[in-house]
Amino acid sequence: MITIEKLRYTYPDGTEVLRGVDLKIGRGERVAVLGPNGSGKSTLFLCLNGVHRATEGRILLEGRPMAYDKKGMLDVRRKVGVVFQDPETQLFCVDVYQEVAFGPHNLGYGKQQVHDSVMKSLDAMDVTELKDRPPHFLSGGQKKRVTVASVLSMSPQVLLFDEPTAALDPIHARQLMEEIDRLNAEGITILMATHDVDQAYAWADRAVVLDSGVVRASGTPDEVFCDVKLLEQTGLQTPFVLRTYRALLRSGRIRGADSPPHTAEELEALIEEV
Amino acid sequence: MITIEKLRYTYPDGTEVLRGVDLKIGRGERVAVLGPNGSGKSTLFLCLNGVHRATEGRILLEGRPMAYDKKGMLDVRRKVGVVFQDPETQLFCVDVYQEVAFGPHNLGYGKQQVHDSVMKSLDAMDVTELKDRPPHFLSGGQKKRVTVASVLSMSPQVLLFDEPTAALDPIHARQLMEEIDRLNAEGITILMATHDVDQAYAWADRAVVLDSGVVRASGTPDEVFCDVKLLEQTGLQTPFVLRTYRALLRSGRIRGADSPPHTAEELEALIEEV
Amino acid sequence: MNNWQKRSMKASVIVSMLMLTAVPVYAMHIAEGMLPIQWCLIWGALFLPFFVWGFWSIKKQCAGSGRVKMLLAMSGAYCFVLSALKMPSLVTASSSHPTGTGLGTILFGPASMAVLGFIVLLFQALLLAHGGLTTLGANAFSMAVAGPFVGYGVYLLAKKCKAPRVVSVFLCAFVADLFTYAVTATELALAFNNAEVSFMQAWGKFMGIFAMTQIPLAIVEGILTALVFEAIASL
Amino acid sequence: MTTVDRIAYTSKLKDMSPAIKAGLAVSTLLGVLVASQNVFSVAVFALMTALCTAGSGLPLRQYRKMCAIPFWFLLAGAAVVAVGFSEAPAGLWHVRIFGVYLVVTLDSLRRALELFLRSMAGVSCLYFLCVTTPVNDLLGLLNRMHAPKLLTELMMMIYRFIFLLAGLAGQMAVAQKARLGNAGYRASLRSVSMLASSVFVCAFQKSAAIYDAMESRGYDGNFDFTGELSRSTGRQRLIFAAYEVLLIGAVVAVKWIAG
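Sequence lines, in order, name chains A, B, C and D.
Going by the working numbering, the final residue of the first sequence carries number 274, and the count climbs one at a time with no gaps.
Going by the working numbering, the final residue of the second sequence carries number 274, and the count climbs one at a time with no gaps.
Going by the working numbering, the final residue of the third sequence carries number 235, and the count climbs one at a time with no gaps.
Going by the working numbering, the final residue of the fourth sequence carries number 259, and the count climbs one at a time with no gaps.
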């Protein structure tokens, strides 16, 4: 789906944030992007969406290099949607309907088509009844859902989420993660920048560790989180489930499973297994 | 230290956020305040600091009811400091030194006394070398530390933290929690609003569950997190460590400890104990 | 046409194109060092009474309420950010900037704008090197006094004539923008006339350039301000 | 905007007394205007360039980039001044448009050159102040000079809020771009107007939040400059005085020679 080759990006003020990123992402994958603040996660997302233009290297979308002309950008931004961390800076219309219609409108859809895609994505994110409210006065959880709907209405094939659950309470965080899973089940490729190793370990097909603008590791969560040296160097902690599982194995209290548990539920099942 | 009696607060626009809060907090306690968004955590903090004036009920500070005259307010704000969730809206001075000096200055300290308290709290939060920088040159982690320093410089006896680690990466979150523990060790009472049950379970002396403006539960983390019905009603999850510990006990894989483990380390130790 | 003339033609075309591209981006204000010292002093002296008036008006508004002060500061910062917004420009591929005074005037009144505009201009000089310290008086007089007062007058007049709000707001911003530049052209013409070029000729020169570049921009700023105002009012 | 600010904070002369730096910049600026002589302008430009680069540590490349914008703009401005009108062909160069001759004479060219050099010298003085002195030092200086408290207070808050709102506007512009807000002229205009109104709403929401935060630290409606300004040393004051004498002398001399 996406191939990133030797991608470099330097901000106009001279700070080089991406220093040669190489990465391949398959269609329908769930990718967790980990790394400390300032490691380049957000910048990478903006490059993938064409907002930042690669200083060096290139990005291929479905095998074709990204074109930075008008038509190419229209295509890239339709295919790749970004949900930013702070919903505050992503909402700028007078009401929720307009907000969600902004993307489709700019894609040049006809009136009926705009309406249909707006209603569909409002419905998908369960915010239809908010459609006439001004977005600035919604609660945090509602704002977040509206921002997702506003990107969804452009029917993207890839969705980039920057810390989607950071400011949400557990109930809303869980709801949002369920929506994300549902979108993924419909075939949308998901990239998610996160600080939460437990979440990444439980959720992702693939974990990518970014550090100082380069990819330090990319593989299944099992591969990445078993690399003790890597975790130490990048300041990541071992996910809780994995850590406990290992302690149980070491002390011989359980037998090893075919694949290590990834969620609390799986660990619990393993413990209670006869 | 703090006694809250039947506290009610209604915003000028008519929404009643606190509907009779009763709570007692002892000197030097570490209190985790849990509850979904909109349950009244932030409003409670603003009442404790005197920014919002109780509509009904009262707050006693060291046994004396809060006075809302000028002298009383200055006293309350010296004793109780708030660190808000978004450092961006808490920083408004042209540089870090003035930011941290703002509180002591308002307390009417003399020039030398202002200087001393500023330097002391800059040092305590390890941000002395940033003192001439304007806030827009700071990183997220630095901003957070500066906001803590700016409250610390008023030598408060109680510190209220609203989601202190929400926007921080794991390394900075850990550092901040260490600083908070150090302040607590020096005798400062800490209240922390958080969504993270694992953190609350591991850290707090007392967990308070707020829901729709009333205190649903207040007790040791063991008491609160064992109340399955409460957790269900308020949408809180069982902390990871507790859940795994229980599964291990149920299946007879470990013997019960005197007190259940609260952190991953404690659980690991328990598992590896002979 | 001989060779020399052809070359001069080419040169003049290049020079005027240079002016067309450089002027709208940077001509918001008179640059540092452009005005002779006597004109710096004169415009400074003319601005001063408006500044004092605005200052007292602000002081009265702020009395006893920190919140009002905070709102005024936020408004000043907003005017700065608005004036630094890249505005899609009709004339060339380059973008240009609104003056932001039209919106500020309707929201906060022309008297407060004299003070807020002055602070915004000072920060533009210090942070963006737009305008300058010695030309602060002249720039403040055109952007923070002349534009806002005339724009506000037009706004009141349009309201009195029962014009729809969109139209009054548009006219206010449009006129405030244009009048700012008309006064700037006057300030330049007063400083740069001599035996060879009379005041009227100099004025014609500067106005000619501003008219070419600024009328379309003033229209865009008017539309923009009307859209923004409608959006704010609908909340 | 952030760039100039950042340069000032990394200047080698940052810790020099802001009074001395501001005095130096403003007095030289006035000298340039009063003298209004090419030799003097060029000399000042050279001096300020040296102070900005070698003195303050700004790389020459970056200084050149900073000077490029005013250079072209002032060149264009000078060109406008250089052009006069005539009914008949005259001067060094002329062109006929709509029945009048646009002419450039030796005199007008001389005036244009004088204006250009004077302005570039003025800009270099302003740059010296900008790249060596952070804004908060200048605000502190205004405060020490007993500027009205309300004014300095407003300026301090405005300075902070400019960066707050500019950050907000910047993030919002990126979010709009990500949803194709810049596809076409009409979409761009619509986007900018939405951005402007959203920043407005956010500004007011934020100002309420900031006020709460200020109150929680005991704000009672008055806020003072509490920072410390670098004081000048005796040696610096001596050098400054000598420079001022030299400056006045040079202005008088240049005026006298020019008659």
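Do not take every clue at face value.
What the hints assert, rightly or not - Computed beta-carbon distance windows for the label pairs: (1) R165/C with G57/A: 50 to 58 Å; (2) S139/B with Q113/A: 38 to 46 Å; (3) L48/C with S86/D: 34 to 42 Å.
Please keep in mind that the hints were generated in silico from the structure rather than gathered at the bench.
All residues carry an ideal CB built from backbone N, CA and C; glycine is no exception.
Checked hints:
| no. | hint | in the structure |
| --- | --- | --- |
| 1 | R165/C with G57/A: 50 to 58 Å | holds (51 Å) |
| 2 | S139/B with Q113/A: 38 to 46 Å | holds (43 Å) |
| 3 | L48/C with S86/D: 34 to 42 Å | holds (40 Å) |
Going down the numbered hints, you'll see the structure goes against none, and every one checks out.
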